[in-house]
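Asker: Protein sequence lines, in the order shown, are assigned to chains U and H.
The working numbering puts the first residue of the first sequence at 5, with every later residue one more than the last.
The working numbering puts the first residue of the second sequence at 5, with every later residue one more than the last.
Note that these hints are calculated values from the structure, not bench results.
Note that the structure is predicted; figures quoted are calculated from it, not measured.
Note that the Cβ used here is the ideal one computed from N, Cα and C, for glycine as well.
Incorrect hints may appear among the rest.
[Unchecked claim] Below, simulated SDA-like cross-link-like pairs (lysine to any residue); rule was C-alpha separation at most 25 Å, straight line:
1) H:K25 - U:Q253
2) U:K25 - H:D244
3) U:K202 - H:K43
4) H:K43 - U:G332
[Stated by the list, open to error] Simulated restraints, written as ranges between beta carbons of each label pair:
5) H:F205 - U:N183: 44 to 54 Å
6) H:G201 - U:R222: 26 to 36 Å
7) H:V289 - U:E228: 50 to 60 Å
8) H:W331 - U:E17: 20 to 30 Å
9) U:R222 - H:D314: 48 to 58 Å
10) U:D321 - H:E17: 24 to 34 Å
11) U:P37 - H:E173: 49 to 59 Å
12) H:H35 - U:I317: 27 to 37 Å
13) U:T146 - H:F205: 39 to 49 Å
14) H:H35 - U:R222: 33 to 43 Å
15) H:Q36 - U:E283: 37 to 47 Å
16) U:N100 - H:G113: 24 to 34 Å
Protein chains: 2
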Amino acid sequence: MKKMINGVESLLEESLNGFAKAHNDIITFNHQPHFINRKQGKEAGKVALVSGGGSGHEPLHTGLVGIGMLDAACPGQIFTSPTPDQMMAAAESVENGGGVLFIVKNYAGDVMNFEIAGEMLDCNHETVLVCDDVSLPKDHSTGRRGVAGTLIVEKIVGAAAEAGANLQECKALGERVNNATASMGVALTSCTVPALGKPTFDLGDNEMEMGVGIHGERGREQMELTKASEIVEHLITAIDEDLKPKKGQKILLHINGFGATPLMELYLMYDLAEQYWQEKGVEVVRSLVGNYTTSLDMAGASITVTLLDDELISLWDAPVHTANLRWGC
Amino acid sequence: MKKMINGVESLLEESLNGFAKAHNDIITFNHQPHFINRKQGKEAGKVALVSGGGSGHEPLHTGLVGIGMLDAACPGQIFTSPTPDQMMAAAESVENGGGVLFIVKNYAGDVMNFEIAGEMLDCNHETVLVCDDVSLPKDHSTGRRGVAGTLIVEKIVGAAAEAGANLQECKALGERVNNATASMGVALTSCTVPALGKPTFDLGDNEMEMGVGIHGERGREQMELTKASEIVEHLITAIDEDLKPKKGQKILLHINGFGATPLMELYLMYDLAEQYWQEKGVEVVRSLVGNYTTSLDMAGASITVTLLDDELISLWDAPVHTANLRWGC
Numbered sequence: 005m006k007k008m009i010n011g012v013e014s015l016l017e018e019s020l021n022g023f024a025k026a027h028n029d030i031i032t033f034n035h036q037p038h039f040i041n042r043k044q045g046k047e048a049g050k051v052a053l054v055s056g057g058g059s060g061h062e063p064l065h066t067g068l069v070g071i072g073m074l075d076a077a078c079p080g081q082i083f084t085s086p087t088p089d090q091m092m093a094a095a096e097s098v099e100n101g102g103g104v105l106f107i108v109k110n111y112a113g114d115v116m117n118f119e120i121a122g123e124m125l126d127c128n129h130e131t132v133l134v135c136d137d138v139s140l141p142k143d144h145s146t147g148r149r150g151v152a153g154t155l156i157v158e159k160i161v162g163a164a165a166e167a168g169a170n171l172q173e174c175k176a177l178g179e180r181v182n183n184a185t186a187s188m189g190v191a192l193t194s195c196t197v198p199a200l201g202k203p204t205f206d207l208g209d210n211e212m213e214m215g216v217g218i219h220g221e222r223g224r225e226q227m228e229l230t231k232a233s234e235i236v237e238h239l240i241t242a243i244d245e246d247l248k249p250k251k252g253q254k255i256l257l258h259i260n261g262f263g264a265t266p267l268m269e270l271y272l273m274y275d276l277a278e279q280y281w282q283e284k285g286v287e288v289v290r291s292l293v294g295n296y297t298t299s300l301d302m303a304g305a306s307i308t309v310t311l312l313d314d315e316l317i318s319l320w321d322a323p324v325h326t327a328n329l330r331w332g333c
Numbered sequence: 005m006k007k008m009i010n011g012v013e014s015l016l017e018e019s020l021n022g023f024a025k026a027h028n029d030i031i032t033f034n035h036q037p038h039f040i041n042r043k044q045g046k047e048a049g050k051v052a053l054v055s056g057g058g059s060g061h062e063p064l065h066t067g068l069v070g071i072g073m074l075d076a077a078c079p080g081q082i083f084t085s086p087t088p089d090q091m092m093a094a095a096e097s098v099e100n101g102g103g104v105l106f107i108v109k110n111y112a113g114d115v116m117n118f119e120i121a122g123e124m125l126d127c128n129h130e131t132v133l134v135c136d137d138v139s140l141p142k143d144h145s146t147g148r149r150g151v152a153g154t155l156i157v158e159k160i161v162g163a164a165a166e167a168g169a170n171l172q173e174c175k176a177l178g179e180r181v182n183n184a185t186a187s188m189g190v191a192l193t194s195c196t197v198p199a200l201g202k203p204t205f206d207l208g209d210n211e212m213e214m215g216v217g218i219h220g221e222r223g224r225e226q227m228e229l230t231k232a233s234e235i236v237e238h239l240i241t242a243i244d245e246d247l248k249p250k251k252g253q254k255i256l257l258h259i260n261g262f263g264a265t266p267l268m269e270l271y272l273m274y275d276l277a278e279q280y281w282q283e284k285g286v287e288v289v290r291s292l293v294g295n296y297t298t299s300l301d302m303a304g305a306s307i308t309v310t311l312l313d314d315e316l317i318s319l320w321d322a323p324v325h326t327a328n329l330r331w332g333c
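So here's chain U without its partners, still in its complex pose (with noise of 0.2 Å):
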């Protein structure tokens, strides 16, 4: 394993004090228990927007915390769920009358430790859980796994909140936005968990995993590796047959990086997936290519499609001012 850190114990802690240090402008860094919340321009009454996850995901969610998206985050160790404590903590940080909506990815944890924190929360609150990722049936017993939807839910909630939208009005646009949204992975290489210091799973030099969750869990099948065309094609069918986008329909489309896939691939990914839309006559109106739901080292990426309205573009258009995602401010 090479990594560029001290110890595995001592990472997180001291990456995360190099990110406050980076954003003291946009974020603080609360260490006992640990979270990210925003510096700058909570509206009393405003929905307070809290998410949290595994690290190792970065500049999800973390990276996220800023005007017009989320109000806090909580890091996890890497690739486990933080605690309700720190949840809590982080909710009462940022709660400022107008309640808070947890943004939560479908995992077993996570979902239950955001569950108990919100138990034992003394305002209003609710829940958006995001399962995006259309590897899984929707029927799977644990459900669909949250992937890289979730920076697009936290975008435009987020924007909405900043507007005013009251906390029903955050939540049912997240579910939403939520179900509007498929995504699906592909990985050429396994990921290194710092703690575990080899590979989580096995590749041989030329399989791929399609349908990779971004853990490295195991996704539909093991592939021998075939051109970036196939790897494509076989991505975007899944995302269609899921979200049958009608002709004219407006989308966005996310090419996700996982960590160490260049951006090179990236947008030659985005090419092949625009010309697959274009010719079933269904119109991409923005895009977001890059790293930003990642799976620390892993190389290989997923594509996320959302179905847009005029009300969804608006709001993802709106200004945001985070570590990791900005424009308009």
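Chain U is already provided as a structure; the job is to place chain H on it using the hints.
Answerer: Below, chain H without anything else, positioned relative to chain U:
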């Protein structure tokens, strides 16, 4: 070699197609010869900034074309200089009465080809040579290499050009920023150039390449892999010895990932580097952390420091809207 591509021959063209589609609000892609140029807001008389170099370092340079930064960028094949005809065509497409400033990383091929392009160009033009890599001595036979400091030169001169600085002022400013900037990098793994299909150099499981170049060029020495704090001290001591910032000096601290190193580790490096300067009484007033000057899928990172004054801070802070660097608009 595991890459998300259709073929070595078509990779660059397909990737640029995707890039152009994803960012068609701000740039256009000229196919014959290859260059990316800025779409909006070219004021008459504004100095046109043109850069370029081998591909594989994305988002440098194509991702830095737009308002407040480059007017055009010429992507060569991977790790290969663009050709003089690309540079000439790019320059002619953006020249608007204010002359052309070439911003060139100091590599023999790039320097020669930009010189030839300049000789053929029928308008005022100047060149700023970037040579910020302090892993080589100042009197090295071919000079020092241009690495991650190039982005800083492009951002600051881009802001000045936008504000109406003339060609000589832009050239002088670029040289001033270059002289105030020092970088050094370390590789934990090699990158793999698609056309070669195998790693550029060999590193043992317990080795790192200190002072590595952004094409995987050998650096100062191969060393045993050690803790991040020692790695950062090694890099930053070299930078300190070169720039010799005094107590109270304001600096920009840029941690640049080479492509496959997670953001967690880059922020950890930022924390360590910031501590070093704090102990020296040097004030880190601006930061940039992320993968900006990459080396395909290489694991590793570089540290860049620029000595700032009020003028440079204000130019750094000025609005920028490119595909991969954006703030204030």
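Asker: Does each hint hold? Answer for all of them.
Answerer: Quick rundown of the hints versus the structure:
1. H:K25 - U:Q253: 18 Å, holds
2. U:K25 - H:D244: Between K25 of chain U and D244 of chain H the Cα gap is close to 20 Å, so the pair holds against 25 Å.
3. U:K202 - H:K43: 47 Å, violated
4. H:K43 - U:G332: Given pair K43 of chain H, G332 of chain U holds - Cα atoms ~18 Å apart, limit 25 Å.
5. H:F205 - U:N183: 44 to 54 Å: At roughly 49 Å between Cβ atoms, N183 of chain U and F205 of chain H fall inside 44 to 54 Å, so the hint holds.
6. H:G201 - U:R222: 26 to 36 Å: 28 Å, holds
7. H:V289 - U:E228: 50 to 60 Å: 52 Å, holds
8. H:W331 - U:E17: 20 to 30 Å: 28 Å, holds
9. U:R222 - H:D314: 48 to 58 Å: 55 Å, holds
10. U:D321 - H:E17: 24 to 34 Å: Roughly 30 Å apart at Cβ, these two residues keep to the hinted range, so it holds.
11. U:P37 - H:E173: 49 to 59 Å: 52 Å, holds
12. H:H35 - U:I317: 27 to 37 Å: For I317 of chain U against H35 of chain H, whose Cβ atoms are near 30 Å apart, the range 27 to 37 Å holds.
13. U:T146 - H:F205: 39 to 49 Å: 44 Å, holds
14. H:H35 - U:R222: 33 to 43 Å: 41 Å, holds
15. H:Q36 - U:E283: 37 to 47 Å: 25 Å, violated
16. U:N100 - H:G113: 24 to 34 Å: 57 Å, violated
Figure legend: structure checked against the earlier numbered hints; hints not met, in rising order: 3, 15, 16.
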